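Colleague: In case you want the letters, here they are:
2 protein chains.
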Amino acid sequence: MKITLSYGGGGEETQKLINELFYKYFDNEILKKSEDAAVIETNKKIAFTTDSFTVSPIFFNGGDIGKLSVVGTCNDLAMMGAKPKYLSSGFIIEEGLEYSTLEKIVKSMSDELKKIDVKIVCGDTKVVPAGSVDKIFINTSGIGDVIKENISASNLEVGDKILISRDIGRHGAVILAKRYGVETNLESDCKLLWDEVKALIDAKINIKAMRDATRGGVSAVLNEWANSSNIGIEIKEENLKISDEVLGLCEMFGFEPIDLANEGTFVVAVNSEDAKKAEEILKKFNENASIVGEVVEGNRVVLISPWNTKRVIELPKGELLPRIC
Amino acid sequence: MKITLSYGGGGEETQKLINELFYKYFDNEILKKSEDAAVIETNKKIAFTTDSFTVSPIFFNGGDIGKLSVVGTCNDLAMMGAKPKYLSSGFIIEEGLEYSTLEKIVKSMSDELKKIDVKIVCGDTKVVPAGSVDKIFINTSGIGDVIKENISASNLEVGDKILISRDIGRHGAVILAKRYGVETNLESDCKLLWDEVKALIDAKINIKAMRDATRGGVSAVLNEWANSSNIGIEIKEENLKISDEVLGLCEMFGFEPIDLANEGTFVVAVNSEDAKKAEEILKKFNENASIVGEVVEGNRVVLISPWNTKRVIELPKGELLPRIC
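Chains as they are written, first to last, in full-length UniProt numbering: chain A, 1 to 325; chain B, 1 to 325.
Among the hints, a few may not be true.
Since the list gives no way to pick one copy over another, a pair counts as held whenever it fits inside one copy or between any two copies.
Stated by the list, open to error - Computed list of lysine-lysine pairs in DSSO-like fashion (alpha-carbon distance at most 30 angstroms, straight line): (1) K33 / K317; (2) K178 / K115; (3) K44 / K32; (4) K114 / K24.
Calculated directly from the structure, the hints in this document are not laboratory data.
This one's a predicted model, so the numbers in the text were calculated from it and none came from an experiment.
All chains, please: the whole structure from these sequences, using the hints.
Modeller: What follows is the structure, given as structure tokens:
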């Protein structure tokens, strides 16, 4: 069975799609009220974010566009010290998509939501004529209760330590491999990060800044931080964990792992006294978590090789890999 | 100048687009913090909604996809008795779109935001290869403070009166005309509705249910209400206001005005004692506002002609007009 334009017409078939697919997998009382907007209760201070997902291919090692759409937005909330609570979902579907493909994606979203007790409370579905969109795009926006305040890219001070929660570049490398037909067992890092963040908050780690290294990779995060806080950052190359598969793919296609997108990997800056403790906590979730560098005087991001040579890491330029997320 | 893939890469060109275009038009302190999520303060009880806009053509009489993306989401909040406060914006742009076209759309959003004191506090921009999307799609999600509680499609009781805020079918008819190359001076009704809603709330009108008649038109709203409240609705055909241009286009293409989409027209159900007062208030905003019918026993929506013949109005079937919004 294929999705036809009538599923997006706002009439009988749209109601059927909502009742038989979305209410089945995103089952909750708020959504099922079917009003123009969901009425919800929150803390007075909330985090709010949005992300559109256009990843191609829509299924990849370690995830799919559905899982990614939940993980990506929940992680953006977590990075601001907020417990993800409510999501919206906006589907734009190409006429002719198999119903079973849509169901697989929706089920994948539902599986992810259950891991973190987050509810999709409002949604929108558009079906557009064949050729107006490539298969399916999903937007999710999210609301979270702020648990820890004042996490900001502008907080960094000289001496703060920089940690990365795991090995880098997996999501970008997986999409790269699939796009160019390279066989690999590598899986995307696509994963909810709230548990790691909560563990850091519970342990009263002084988190200065925190960001998941999605598009633009670790390079983009560090450069944005250097820019926002007007400081320099030095990273020891030997402390960056990179899997052999990612390294191999980067060599094959001429990419830098530090520029590649991640979807379940974050960079966190803490004050120097808390760094070891933060590393220990993060290692419980992934053995590749490590302190990778520190904040210094200056305004550039510098990578120091094991032989002590220095190389400036800039904000990535150009389009590394379109439709990575 | 054209938008290239690199504008969506998350690196230097993405930063340039954000700084030079989005921050220029959506200027506010929360957005400019450039964090993964916006941290905002709200009432404890909020309304939350989302909508993706895929309208084609992107510019039409009375509006464009940018204006529509602000109006559509703000109106969904207003329909739940919530003052729109914060929006997210997610752009999916086709590689090759003219920069000036994007700027025109963004400016149009900005103009609309200023009318209602709503801020875009978070956003996301994806650029996808030519052919992966048709020109530009925009998702907006919105948060509003609930001012009046308990507005719901399930509140209707026999005797309640149904009002429509103006003449119907304009937005659908405008898109229809433009799609098929029919010259017309007709303008879309695309307009923010918060002022009208606020006036009803301020006058302490007992609003039972309220919904803007977008995709599926007035037919869809009334059928959803009949279904949710398990009641019947009778509408007097002579009380439905329809412009000559909309009637003409409907005759030409075989549509029913009551099925056509609107983007600044709402249906409101009030208890019978408040109906006249509500009509007076709405007439101050549009002279075509009127009481059109009432809630009755039964479970169907019935249109009564001036000659007292009755016709059942069903939920529209099939795809009336793809990419209407």
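Colleague: Cα distance capped at 30 angstroms. Does K33 pair with K317 within a copy, between copies, both, or neither?
Modeller: Classified as between: cross-chain Cα gap 22 angstroms, same-chain 46 angstroms, threshold 30 angstroms.
Colleague: First find the shortest C-alpha distance between K44 and K32 inside one copy, then the shortest across copies, and answer within, between, both or neither for a cut-off of 30 angstroms.
Modeller: This pair counts as both: shortest intra-copy Cα distance 25 angstroms, inter-copy 21 angstroms.
Colleague: Checking an output row: K178 and K115, CA cutoff 30 angstroms. Within, between, both or neither?
Modeller: within (27 angstroms within a copy, 47 angstroms between copies)
Colleague: For K114 and K24, with the copy left unspecified, which applies at a CA distance of at most 30 angstroms: within, between, both, or neither?
Modeller: within (14 angstroms within a copy, 39 angstroms between copies)
In summary, the structure agrees with every hint in the numbered list given earlier.
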